[in-house]
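J.: Here are the chains, one letter per residue:
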Amino acid sequence: MKENHEITMDTFLAGLWKENPVFVMLLGMCPVLAVTNSAINAIAMGVATTFVLLASSTLVSLLRNAIPRQVRIASYIVIIATFVTIVDYLIQAISLELYNALGAFIQLIVVNCMILGRAESYASKTRPTKAIVNALGMGGGFTIALLCLGTVREILGNGTLFGIELFGSQFQPWVVMVLPPGGFFVLGTWLLLFAWVRQRREKTVLQAEAAGGN
Amino acid sequence: MSETMQATAPDTRSFAMIRTLGAIALISGLLVVLVFEWTKPLIEANKRELIERAVFQVIPGATQRRDFLVGEDGVKPAGETRGNGIIIYAAYDDAGALKGIAAEAAAQGYQDVIRLLYGYSPECQCITGIRVLKLSETPGLGDKIITDAAFVANFNALEARLNDSMSALANAIVTVKHGSKQNPWEIDAISGATISSKAVGKALNDSTQRLLPLLVPRIEELKKTETQRTQWDAKEMQVNTNDASINFTEAHSDVAASNEPTYIRQQQTLCVFASFALKDFRRVT
Numbered sequence: 001m002k003e004n005h006e007i008t009m010d011t012f013l014a015g016l017w018k019e020n021p022v023f024v025m026l027l028g029m030c031p032v033l034a035v036t037n038s039a040i041n042a043i044a045m046g047v048a049t050t051f052v053l054l055a056s057s058t059l060v061s062l063l064r065n066a067i068p069r070q071v072r073i074a075s076y077i078v079i080i081a082t083f084v085t086i087v088d089y090l091i092q093a094i095s096l097e098l099y100n101a102l103g104a105f106i107q108l109i110v111v112n113c114m115i116l117g118r119a120e121s122y123a124s125k126t127r128p129t130k131a132i133v134n135a136l137g138m139g140g141g142f143t144i145a146l147l148c149l150g151t152v153r154e155i156l157g158n159g160t161l162f163g164i165e166l167f168g169s170q171f172q173p174w175v176v177m178v179l180p181p182g183g184f185f186v187l188g189t190w191l192l193l194f195a196w197v198r199q200r201r202e203k204t205v206l207q208a209e210a211a212g213g214n
Numbered sequence: 001m002s003e004t005m006q007a008t009a010p011d012t013r014s015f016a017m018i019r020t021l022g023a024i025a026l027i028s029g030l031l032v033v034l035v036f037e038w039t040k041p042l043i044e045a046n047k048r049e050l051i052e053r054a055v056f057q058v059i060p061g062a063t064q065r066r067d068f069l070v071g072e073d074g075v076k077p078a079g080e081t082r083g084n085g086i087i088i089y090a091a092y093d094d095a096g097a098l099k100g101i102a103a104e105a106a107a108q109g110y111q112d113v114i115r116l117l118y119g120y121s122p123e124c125q126c127i128t129g130i131r132v133l134k135l136s137e138t139p140g141l142g143d144k145i146i147t148d149a150a151f152v153a154n155f156n157a158l159e160a161r162l163n164d165s166m167s168a169l170a171n172a173i174v175t176v177k178h179g180s181k182q183n184p185w186e187i188d189a190i191s192g193a194t195i196s197s198k199a200v201g202k203a204l205n206d207s208t209q210r211l212l213p214l215l216v217p218r219i220e221e222l223k224k225t226e227t228q229r230t231q232w233d234a235k236e237m238q239v240n241t242n243d244a245s246i247n248f249t250e251a252h253s254d255v256a257a258s259n260e261p262t263y264i265r266q267q268q269t270l271c272v273f274a275s276f277a278l279k280d281f282r283r284v285t
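Heads up: the sequence lines are chains A and B, in that order.
Each residue of the first sequence is one higher than the last, beginning at 1 in my numbering.
Each residue of the second sequence is one higher than the last, beginning at 1 in my numbering.
These are computed hints drawn from the structure, not numbers from a lab.
On a predicted model such as this, the values are computed, not experimentally measured, just so you know.
Hints are supplied without guarantee of correctness; some may be wrong.
As the list claims (entries may be wrong) - Far from chain B, some chain A residues (derived; all Cβ distances over 12 Å):
(1) Leu27
(2) Leu63
(3) Val71
(4) Ala74
(5) Ser75
(6) Val78
(7) Tyr89
(8) Ile94
(9) Gly103
(10) Leu108
(11) Val111
(12) Leu116
(13) Arg127
What the hints assert, rightly or not - Cβ pair distances, simulated, as ranges:
(14) A:Leu179 - B:Asp148: 39 to 47 Å
(15) B:Gln64 - A:Met9: 54 to 62 Å
(16) B:Ser167 - A:Cys30: 44 to 52 Å
No residue lacks a Cβ here, since even glycine has one placed at the ideal position from N, Cα and C.
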């Protein structure tokens, strides 16, 4: 297997836009829908996932020549589980209120298919530095996506942003937005927006003369 | 893809696999243990702080607290006895006078168990405040039990008086329909969050029915031990036989508790606290 070690801007940017784990690859939907009922939860989840992704990608990449193919999945799972446990302790040490708000979803990072997917399809085939850059991009893309959902849901469903009151007392919160259905509504809207923007871009690149994006 | 890889390297030796997995497990174990040891004191400090803040919030005017274990056989300082019992947090003001007692209560809510801490004042025989410790009720509806000012006002002075034989509450704490509260032992429910409101009432009723008959007859011990302890702190070295004969066992345990390194006591408190929470959880579910 030939390894392409060249680190380009694309290595980092892929995760943010072209291969955004949430809006393009639709990976790791469980935490995306579950913990984005407030912006602060979304950021915490995004940072925790990024940390696990970064650390496990680094280790998998370092050990890529030592892990026999037959036991690679088992090895990846053990490595990912280790860093999830570490994140679990760290969040408890930082704030118990945050830990309670995120609930079981911290532990569930271990089965986030985005992380396993990165380990299998990227980190196991490339140098640590490149894997780190890519993991940072992917984690960043994941965090931004969560934040996109979290801010919209918190503003509409609670009338606040990062706990700060935005509207007067007349504002009637749109409670459904912080409930599970709101997660699907907001995710669907963002997906629509992303798909539309992407489509328009492709059309511009192809210099098609279509009028408007339908 | 894995098929082609296996085709090119058909016989990876079993030993190589075992070695790799063993090494990875070893690294993982080491990392987890390191982080666990490093964060353990921080997590415990967080838990202590969370309870401390909650205790001082439900008991107005309190500035210091001590933990006790209330069981069939009396009230003991928590930490040095590991027996069964209900853990309570006795809160005192600056002068060392007992301001109230905080204890935990739990009941099944709409989605999951609601755990809360409530303050009880022996002076007015009433509940002086509640604070929700864990809640996973529907946002916007069930979590009004924290945010709804009218509902929270129920607990400024919720009557929890024992009957004459001190075996149970004179009037059980009940949650009534929104707007129909008439007696001081009733909780006015939130309309739209009836199940969560009822859970709070049930949690408080269950906990007070169990705790107060054990605690109230011995409430003097909570005040007494505080004054005794200050006395003994002064003459800790020379044990006075007269003093000791009054209540030797208690004197002994109390001095031992004050000498013990605080972190051991706190760890034990947490253990007891955790087992209590677990038991409570099982009972409720």
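J.: Give a verdict on every hint.
T.: Evaluated hints:
1. With a least CB separation of 19 Å from chain B, A:Leu27 remains clear of the 12 Å interface cut-off, as annotated.
2. A beta-carbon of chain B comes within 12 Å of the beta-carbon of A:Leu63; the shortest separation is about 7 Å.
3. Once the 12 Å rule is applied to beta carbons, A:Val71 is inconsistent with being away from chain B; the minimum gap is 5 Å.
4. Separation of A:Ala74 from chain B is inadequate, the least Cβ-Cβ distance of about 6 Å not exceeding the 12 Å criterion.
5. Remark: the non-interface label on A:Ser75 conflicts with the geometry, its nearest Cβ contact in chain B lying 5 Å away (cut-off 12 Å).
6. Listed as a non-interface residue, A:Val78 fails to keep its Cβ farther than 12 Å from every Cβ of chain B; the least gap is roughly 5 Å.
7. Distance check on A:Tyr89: its Cβ comes as close as 4 Å (rounded) to a Cβ of chain B, failing to clear the 12 Å threshold; non-interface status is violated.
8. For A:Ile94, the requirement that its beta carbon stay farther than 12 Å from each beta carbon of chain B is not met, with the minimum near 8 Å.
9. Distance check for A:Gly103 against chain B: the nearest CB is about 7 Å away, which does not clear 12 Å, and the non-interface claim fails.
10. The claim that A:Leu108 is not at the interface with chain B holds, since no C-beta of that chain comes within 12 Å of its own (minimum 15 Å).
11. Listed as outside the interface, A:Val111 is consistent with that label: its C-beta sits roughly 17 Å from the nearest C-beta of chain B, beyond the 12 Å cut-off.
12. Residue placement check: A:Leu116 keeps its beta carbon more than 12 Å from all beta carbons of chain B (closest about 14 Å).
13. With a least CB separation of 19 Å from chain B, A:Arg127 remains clear of the 12 Å interface cut-off, as annotated.
14. A hinted range of 39 to 47 Å is violated for the C-beta pair A:Leu179 and B:Asp148, which are about 18 Å apart.
15. In this structure the supplied range 54 to 62 Å holds for B:Gln64 paired with A:Met9, their Cβ-Cβ distance being about 59 Å.
16. Between B:Ser167 and A:Cys30 the CB atoms are about 50 Å apart, so this pair conforms to the stated range of 44 to 52 Å.
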